[in-house]
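Participant: Each chain, letter by letter, is given below.
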Amino acid sequence: TQLLEQSPQFLSIQEGENLTVYCNSSSVFSSLQWYRQEPGEGPVLLVTVVTGGEVKKLKRLTFQFGDARKDSSLHITAAQPGDTGLYLCAGERGTYKYIFGTGTRLKVLA
Amino acid sequence: EAGVAQSPRYKIIEKRQSVAFWCNPISGHATLYWYQQILGQGPKLLIQFQNNGVVDDSQLPKDRFSAERLKGVDSTLKIQPAKLEDSAVYLCASSLVQGGTEAFFGQGTRLTVV
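Read top to bottom, the protein sequences are chains A and B.
FYI, the numbering used here numbers position 63 of the first sequence as 74, with every residue one higher than the one before it.
FYI, the numbering used here numbers position 110 of the second sequence as 92, with every residue one higher than the one before it.
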């Protein structure tokens, strides 16, 4: 059973466009992380959000944790080809275990 | 600072054969994770160690998968016998402590079972 569903599954956009990736669950998480994974590499942490309603910004990336701590979103402004990759959310449940989402594969065309 | 080291990078075996993967975490990291990532999906946690003790192995297929972390440092993951559906990337990650902290991932081992 996949607890964290991400949408869309695939996204191909032109350089300069904006996009939003969603991470949804019916379960509550004590914290949520977003990772980016490039081909042939392991995931790399982008951000951790802990408080319901929390918004964090990392340059052109904006992360939001839902008020009920069941969902999250990642918004990218003016996407660049370097943003291409697999974006993964990971929710922390109970005993320090992170459950990864289904992933969103983003391709930004120059 | 050296990252998480995994070997081998690639492995091709026939079904019913056995295979082992090795992971050396970042020095001083107490928590070590093994994940299975099937192509196009998010990683699935197989087993989590805290030092040399198992914290969670609820999703480890124990009839064919085993893992150990002797002396609380390096870890090995073994599959015996392998099935076609075991084809995946096996990722090792480590973190300083449990919970709410960054997990650092290795490059993974891509296993193909034919």
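Among the hints, erroneous ones may be present.
[What the hints assert, rightly or not] List time: in silico DSSO-like cross-link candidates among lysine-lysine, alpha-carbon distance up to 27 Å:
id	chain 1	residue 1	chain 2	residue 2
1	B	26	A	81
2	B	26	B	60
3	B	-3	A	108
4	B	26	B	65
5	A	108	A	68
6	B	60	A	108
7	B	44	A	118
8	B	-3	B	65
9	A	68	A	81
10	B	60	A	67
11	B	26	B	-3
12	A	70	A	118
13	B	65	B	44
14	A	68	A	118
15	B	53	B	-3
16	B	-3	B	60
17	B	53	B	26
18	A	108	B	26
[What the hints assert, rightly or not] To spell it out: a stretch of chain B is covered by chain A in this simulated footprint if at least three of its residues, at any positions, have a beta carbon under 8 Å from a beta carbon of chain A; those stretches are:
id	stretch
19	16 to 26
20	88 to 94
[What the hints assert, rightly or not] Not everything, but these chain B residues come out facing chain A in the computed CB check (under 8 Å):
id	residue
21	8
22	12
23	30
24	38
25	75
26	84
Hint data in this document are derived by calculation from the structure and do not stem from the laboratory.
As the structure is a computational prediction, the values presented were derived from the model and not from experiment.
Don't be surprised by glycine CBs; every beta carbon is placed ideally from N, CA and C.
Participant: Look at each hint and say if it fits the structure.
Facilitator: Verification of the hints:
no. : hint         : in the structure
1   : B:26 - A:81  : 19 Å, holds
2   : B:26 - B:60  : 16 Å, holds
3   : B:-3 - A:108 : 31 Å, violated
4   : B:26 - B:65  : 17 Å, holds
5   : A:108 - A:68 : 25 Å, holds
6   : B:60 - A:108 : 22 Å, holds
7   : B:44 - A:118 : 37 Å, violated
8   : B:-3 - B:65  : 5 Å, holds
9   : A:68 - A:81  : 20 Å, holds
10  : B:60 - A:67  : 40 Å, violated
11  : B:26 - B:-3  : 22 Å, holds
12  : A:70 - A:118 : 19 Å, holds
13  : B:65 - B:44  : 14 Å, holds
14  : A:68 - A:118 : 21 Å, holds
15  : B:53 - B:-3  : 31 Å, violated
16  : B:-3 - B:60  : 14 Å, holds
17  : B:53 - B:26  : 25 Å, holds
18  : A:108 - B:26 : 11 Å, holds
19  : 16 to 26     : holds (count 6)
20  : 88 to 94     : holds (count 3)
21  : 8            : 12 Å, violated
22  : 12           : 11 Å, violated
23  : 30           : 6 Å, holds
24  : 38           : 5 Å, holds
25  : 75           : 7 Å, holds
26  : 84           : 5 Å, holds
Hint compliance for this structure: hints 3, 7, 10, 15, 21, 22 are broken, all remaining hints hold.
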